[in-house]
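Chemist: Chain by chain, the residues run as shown.
There are 2 protein chains.
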Amino acid sequence: MIDIATTEGARARSAAVARALGDPKRLCVLESLAAGEVSVGDLATRVACQVPNMSQHLAVLRAAGLVTARRDGNTVYYRLADPRVLEACQLLLSIAR
Amino acid sequence: MIDIATTEGARARSAAVARALGDPKRLCVLESLAAGEVSVGDLATRVACQVPNMSQHLAVLRAAGLVTARRDGNTVYYRLADPRVLEACQLLLSIAR
DNA sequence: ACGATACTTGCGTTCTTGCGCAATTGGTGA
DNA sequence: TCACCAATTGCGCAAGAACGCAAGTATCGT
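Protein chains in written order, with numbering that gives the first Met the number 0: chain E, 0 to 96; chain G, 0 to 96.
Bear in mind the hints are in silico, worked out from the structure with no lab data behind them.
Don't take every hint at face value.
[What the hints assert, rightly or not] Here are the simulated SDA-like cross-link-like pairs (lysine to any residue), alpha carbons at most 25 Å apart as the crow flies:
#1 G:K24 - E:V50
#2 E:K24 - E:V39
#3 G:K24 - E:G64
#4 E:K24 - E:Q49
#5 G:K24 - G:T44
#6 G:K24 - E:A68
#7 E:K24 - E:A11
#8 E:K24 - E:T6
#9 E:K24 - G:L90
#10 E:K24 - G:E7
#11 E:K24 - G:A11
#12 G:K24 - E:V39
#13 E:K24 - G:R61
#14 E:K24 - E:L79
#15 E:K24 - G:T74
#16 G:K24 - E:E7
#17 G:K24 - G:V50
#18 E:K24 - E:A68
#19 G:K24 - E:Q49
#20 G:K24 - G:A47
#21 E:K24 - E:A58
#22 G:K24 - G:R12
[As the list claims (entries may be wrong)] Which bits of chain E does chain G cover? Going by a derived footprint, with three or more residues having C-beta under 8 Å, they are:
#23 8–19
#24 22–33
#25 81–93
Even for Gly, the Cβ is constructed at its ideal location relative to N, Cα and C.
The whole structure should be built from the sequences, with the hints applied where relevant.
Modeler: And the structure:
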């Protein structure tokens, strides 16, 4: 039996993570990061949105603690903060069928 | 290696499921349903919201395919549509820390 | 120091969500 | 049929989220 007695705050944080996952473009970003770190520009290309828009999506993912950023010269590379994020994507996919 | 090549539509559905999970009250509902089916009124009490509001939250969860409803006389009982939903809650919790 | 490249931030618009309240539907029992 | 209880639906409002575009910041090369 799993412990289900979640506190108010924990639920709020969980919900925040779920909301961060609740956008197709952001899911696409996370999938794109599955193989390793990718720059903002490349992500924007893959997801087919403008760079500023992508930057905002990445800010959402960062705020939720799902990705981390690394700067190398001019370009910023994002990567998954936690492999469980991919698990979550898979689980969503399998639930959504 | 997990299959990550998600289609547009599948991502949209996954995102819809994630949005359904993206509210603390709805997470509380799902946790409450872990033990078995619960009536709308009881859920409203547990989650501390008004019945019409609860009904709307349940409609969201139903639309996402996360719960199912059964009518018995006057009262409607909701239950989890899929045990993986609980897994998802747990996973969110562990990611959100 | 200057221009160029890569991101981020701010702003205005539009669309979506959550909530409270009133009204309605569905089912039960007198 | 009528009152009653449980749940759903409709509506208006306020808060939040996504997008496009313009402006700002950071780093590199010359």
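Chemist: Hinted pair, alpha-carbon criterion (25 Å max): K24 of chain G, V39 of chain E. Please report holds or violated.
Modeler: violated, 34 Å
Chemist: Given the hint that K24 of chain E pairs with Q49 of chain E, test it: the Cα-Cα distance must not exceed 25 Å.
Modeler: Cα-Cα ~12 Å, so holds.
Chemist: Does K24 of chain G pair with V50 of chain E here, judged by a C-alpha cut-off of 25 Å?
Modeler: violated, 34 Å
Chemist: With a C-beta cutoff of 8 Å, work out whether three or more residues of the stretch 8–19 of chain E approach chain G closely enough for the coverage to hold.
Modeler: holds (count 10)
Chemist: Starting from K24 of chain E, check that the Cα of T74 of chain G is at most 25 Å away, please.
Modeler: Outside the cut-off at roughly 40 Å; violated.
Chemist: For the pair we were handed, K24 of chain E and L90 of chain G, check the Cα-Cα distance against 25 Å.
Modeler: holds, 21 Å
Chemist: Taking only the CA atoms, is the gap from K24 of chain E to T6 of chain E under or equal to 25 Å?
Modeler: violated, 30 Å
Chemist: Taking 25 Å as the top limit, are the C-alpha atoms of K24 of chain E and A68 of chain E close enough?
Modeler: Holds, because 18 Å separates the two Cα atoms, which is no more than 25 Å.
Chemist: Please work out if K24 of chain E and L79 of chain E have their alpha carbons no farther apart than 25 Å.
Modeler: holds, 15 Å
Chemist: Decide if the proposed pair is consistent with the structure: K24 of chain E and A58 of chain E, CA atoms, cutoff 25 Å inclusive.
Modeler: holds, 13 Å
Chemist: Hint check: K24 of chain G vs G64 of chain E, CA-CA at most 25 Å. Holds or violated?
Modeler: Given pair K24 of chain G, G64 of chain E holds - Cα atoms ~21 Å apart, limit 25 Å.
Chemist: With the threshold set at 25 Å, check whether the alpha-carbon distance from K24 of chain E to E7 of chain G stays at or below it.
Modeler: The given pair, whose Cα atoms are some 9 Å apart, holds under the 25 Å limit.
Taken one by one, the earlier hints fail for this structure at numbers 1, 6, 8, 12, 15 and 19, listed in ascending order.
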